[in-house]
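Put chain D on the given structure of chain W with help from the hints.
Line by line, the protein sequences give chains W and D.
Position one of the first sequence corresponds to residue 1 (my numbering), numbered consecutively onward.
Position one of the second sequence corresponds to residue 1001 (my numbering), numbered consecutively onward.
No lab work stands behind these hints: they were computed from the structure.
Mixed in with the good hints there might be a few duds.
[Unchecked claim] Not the full set, but computed from the structure, chain W residues with beta-carbon under 10 Å of chain D: (1) 43; (2) 98; (3) 218; (4) 228.
[What the hints assert, rightly or not] Cross-link-like lysine-lysine pairs, in silico, DSSO-like; alpha carbons within 27 Å at most: (5) D:1204 - D:1187; (6) D:1028 - W:104; (7) D:1204 - D:1218; (8) D:1329 - D:1274; (9) D:1045 - W:322; (10) D:1042 - W:60; (11) W:104 - D:1045; (12) D:1329 - D:1284; (13) W:60 - W:104; (14) D:1028 - D:1045; (15) D:1176 - D:1266; (16) D:1052 - W:60; (17) W:322 - D:1042; (18) D:1274 - D:1332; (19) D:1187 - W:186; (20) D:1052 - W:104; (21) W:322 - D:1052; (22) D:1313 - D:1332; (23) D:1042 - W:104; (24) W:236 - D:1187; (25) W:322 - W:23; (26) W:260 - W:155; (27) W:60 - D:1166; (28) D:1284 - W:155; (29) D:1187 - W:193; (30) D:1187 - D:1218; (31) D:1045 - W:60; (32) D:1023 - D:1045; (33) D:1283 - W:155.
Using N, Cα and C, we set each Cβ at its ideal position, and we do this for glycine too.
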Amino acid sequence: MALVLGIETSCDETAVGIVNDRKLLANVISSSVEQHARFGGVVPEVASRAHLEAMQQVIKQALKDASVTLEDIEAIAVTAGPGLIGALLVGVSSASGLALALDKPLYGINHLSAHIAVDRLDNDASMQPTIALLVSGGHSSILQVNNLATDVIVKGATIDDAAGEAFDKIARIMGLGFPGGPVIDKAASSGNKDAILFPRGLTQSADLEEHRYDFSFSGLKTAVSRCLQQTPNYLKADVAASFQEAVVDVLLIKSIAVCKDSGIDNLVIAGGVAANSRLRELAKQRCEVANIALRIPPAGLCTDNGAMVAALGSLAINEGVKPSQTGLSADSAASIAQVIW
Amino acid sequence: MSTILAIDTSTSRTSVALVADGKVLFTKFHEDSLAHGEVLPKLVKEALAVNKDIDLVAVGMGPGPFTGLRVGISFAQSFALGLNIDWVGVCSLDAMAASINESEFIVSTDARRKERFWAIYKDGKRVSDPAVSQATELEKLGIPIFNEGDYFPDPVLLANLVPNTKSVEQPIYIRKPDAYPLPVGVKFRAMTTLDLVVAAGIEKEVYGKAAWSNAQFKEEFAKAPKDAYYLAAEAEGELIAYAGIFFVADVADIHTITVVEKYRRKGVGRELLKRLIDWARVKKADAIMLEMRLGNDAARPLYELNGFVEVSKRENYYGPGLTAVVMRKELK
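Isolated chain W, as found in the complex (with noise of 0.2 Å):
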């Protein structure tokens, strides 16, 4: 058992959450989307700007949100990478500072195994090993995690774009606008996801021998583009929809297909895509059909969040994880495979 306070500032979102173990107490999240919408996706500088203005503010509301003060916290955690060098550093800073001044542990974490470890929180049930899902809007992984914080293997990975960024690419070329995964949802809701056959990537048996548990968009989002040129008087619910269907059909049949194989009967799908309505509804139909138990954390844990971050900070301290040196550095560029640093 221990209190955690997590920071994270990978992306866009300022974020400061605590737990106490497997307990939520305070999710506190500051984004600068909308100060990004009219660039057409997150400028690094102006990201880095709003973190540093917003930190501050947002710890003390997340203590305030948890009901305890700083000298309560028994553990700082810190996205430490992937994400933005400039924006990192900042919630690394910020945490170094406070680790220091309050002589407290601290322990830099990855940001895509926070994104899974987020499934602990006000939960009980153990799901080690299990297989995990990860689409956001940098990444789209199968995932084999034996032990979230010391043992996780990648099966599958996207050759090209994340599913995250394919959405986001094809709502800025139907001008549905930023982020994507939200707008198109919401556009395909009214749409005929049959409408149109959009291609599956990596699905025919050619692709299967080197690429069996691989993701690829960029046909894809070909497809789509080519479809909107050719039918310029398009039903944008239809294309949406017909996207969002084939982006969604292929992250099931890969995961269920790396669950079959390695007999792990346990799913997990994390990342910002997984807070996407009907990837939630087709994973949830697949898997009963196919006996899988699947946990998808709540929509409002899928994104960017600093709960995650604090949730994996306790799940590294239960597993006896060291605490990262003073001096901890950020990793733009960090692999799945460094959890804790």
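This is chain D only, laid out in the frame that chain W set:
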């Protein structure tokens, strides 16, 4: 008794001091413009080993390169929050000027891109707001200049400035973020074979005899999709710009960035270039190269701003008497 922990990360130096009522208990710096984040906690830990009872944190608020600057400020603010004490922000140039005995002078620090952050001091007081300018502009003022390298913001002097300073609450950035809104009404998408006829027409209009033909375009398109990337921009349903890049042996080569006359100087080329650079990064290219016609001054500042440097010239590249300038941007 009041003990101040002073921090400055506004220059290539990370520096920390501990000053108790004017008495220096600890002062140390580390020189590395890319390591503020790692170094600062270590130096503060050393200072805490000397004395851990701290009453106030003073921090240099810049101006300075942004990422390093924010390390110091973010750390200082959270450290103060952790101890439940106040923090005071000080203009970093003031802490540098405090060691200089001249009646009138300028202090200047490296702002990168061949520019300097600077301010003017007279009789011990700053008489101008911190600003950013080209070094050559600064020299024209005819006032003695004290540069970063010979002088640095001294954390001891920074602590000593606290009693007479009104706290600077916001980082002194001066420059705006390098971000530009997307051109209004312009859509960016992948270029397809359907664009080629229109593109060949634009080529002829823009480049005359050096234009690529429809057939040359098709040949480029036939290359494996993973080695080449072609982008199109359209406005009001018409093709207005296109750009292409291909990847050969660790280097990505920009083949073209072409914008029709009417849509120039609206940020279309900038956005296309940005996307080509992003693609090259994803491909893990070591560098990006491009050739530009000598005298093509309209595009050159855009390339330079994005880190391209002239590496050579090729005569008669675009035809008799038409010289190409070869530019390169390192990605590693």
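Hint check:
Interface restraint check for residue 43 of chain W: the shortest CB-CB distance to chain D comes to about 4 Å, inside 10 Å, so the restraint holds. Nearest Cβ of chain D to the Cβ of residue 98 of chain W: about 5 Å, under the 10 Å cut. The hint holds. For the restraint placing residue 218 of chain W at the interface with chain D, the shortest Cβ-Cβ distance is roughly 8 Å, inside the 10 Å limit, so the hint holds. Contact between residue 228 of chain W and chain D, as hinted, is supported at the beta carbon level, the nearest pair being about 8 Å apart and thus within 10 Å.
Of the pairs offered as hints, the one joining residue 1204 of chain D and residue 1187 of chain D holds, with about 23 Å between alpha carbons and a cut-off of 27 Å not exceeded. Using a Cα cut-off of 27 Å, the hinted pair residue 1028 of chain D and residue 104 of chain W holds, with the two alpha carbons roughly 24 Å apart. With a CA separation close to 16 Å, the supplied pair residue 1204 of chain D and residue 1218 of chain D stays within the 27 Å bound. In summary, the hint linking residue 1329 of chain D to residue 1274 of chain D is supported, as the alpha carbons are separated by about 13 Å, within the 27 Å threshold.
Of the supplied pair hints, the one linking residue 1045 of chain D and residue 322 of chain W holds, its CA atoms being roughly 19 Å apart against a limit of 27 Å. A hinted pair counts as satisfied when its Cα atoms are at most 27 Å apart, and residue 1042 of chain D with residue 60 of chain W qualifies at roughly 25 Å. With a CA separation close to 13 Å, the supplied pair residue 104 of chain W and residue 1045 of chain D stays within the 27 Å bound. A hinted pair counts as satisfied when its Cα atoms are at most 27 Å apart, and residue 1329 of chain D with residue 1284 of chain D qualifies at roughly 13 Å.
Taking the CA atoms of residue 60 of chain W and residue 104 of chain W, the gap is near 18 Å; set against the 27 Å cutoff, the hint holds. Between residue 1028 of chain D and residue 1045 of chain D the CA atoms are separated by roughly 12 Å; this keeps the pair inside 27 Å, and the hint holds. Restraint check: the Cα-Cα separation between residue 1176 of chain D and residue 1266 of chain D comes to about 19 Å, which is no more than 27 Å; the hinted pair holds. Our distance criterion of 27 Å between C-alpha atoms is met by residue 1052 of chain D and residue 60 of chain W, whose separation comes to about 24 Å.
For the given pair, residue 322 of chain W sits about 18 Å from residue 1042 of chain D by alpha-carbon distance, which is consistent with the 27 Å threshold. This hinted pair checks out: residue 1274 of chain D and residue 1332 of chain D have alpha carbons roughly 17 Å apart, not beyond 27 Å. For the suggested pair residue 1187 of chain D and residue 186 of chain W, the alpha carbons sit about 21 Å apart, so the restraint of at most 27 Å is met. With a CA separation close to 14 Å, the supplied pair residue 1052 of chain D and residue 104 of chain W stays within the 27 Å bound.
This hinted pair checks out: residue 322 of chain W and residue 1052 of chain D have alpha carbons roughly 24 Å apart, not beyond 27 Å. Restraint check for residue 1313 of chain D and residue 1332 of chain D: the C-alpha separation of about 23 Å stays at or below 27 Å, so the hint holds. Note on residue 1042 of chain D and residue 104 of chain W: the hinted pairing holds, with a Cα-Cα distance of about 15 Å set against a maximum of 27 Å. Distance check on the hinted pair: residue 236 of chain W and residue 1187 of chain D sit about 16 Å apart at the alpha-carbon level, within 27 Å; holds.
The hinted pair formed by residue 322 of chain W and residue 23 of chain W meets the criterion: a straight-line CA distance of about 22 Å does not exceed 27 Å. Distance restraint check for residue 260 of chain W and residue 155 of chain W: the Cα-Cα separation of roughly 13 Å lies within the 27 Å cut-off, and the hinted pair is therefore satisfied. Pair hint residue 60 of chain W plus residue 1166 of chain D holds up; C-alpha atoms about 24 Å apart against a cutoff of 27 Å. A threshold of 27 Å between alpha carbons decides the hint, and for residue 1284 of chain D with residue 155 of chain W the separation of about 22 Å falls inside it, so the pair holds.
Of the pairs offered as hints, the one joining residue 1187 of chain D and residue 193 of chain W holds, with about 25 Å between alpha carbons and a cut-off of 27 Å not exceeded. For the suggested pair residue 1187 of chain D and residue 1218 of chain D, the alpha carbons sit about 23 Å apart, so the restraint of at most 27 Å is met. Only pairs whose Cα atoms come within 27 Å are accepted, and residue 1045 of chain D paired with residue 60 of chain W is accepted, the gap being roughly 24 Å. Restraint check for residue 1023 of chain D and residue 1045 of chain D: the C-alpha separation of about 19 Å stays at or below 27 Å, so the hint holds.
Straight-line distance between C-alpha atoms of residue 1283 of chain D and residue 155 of chain W comes to about 21 Å, which keeps the hinted pair within the 27 Å bound.
In this structure, every one of the numbered hints holds.
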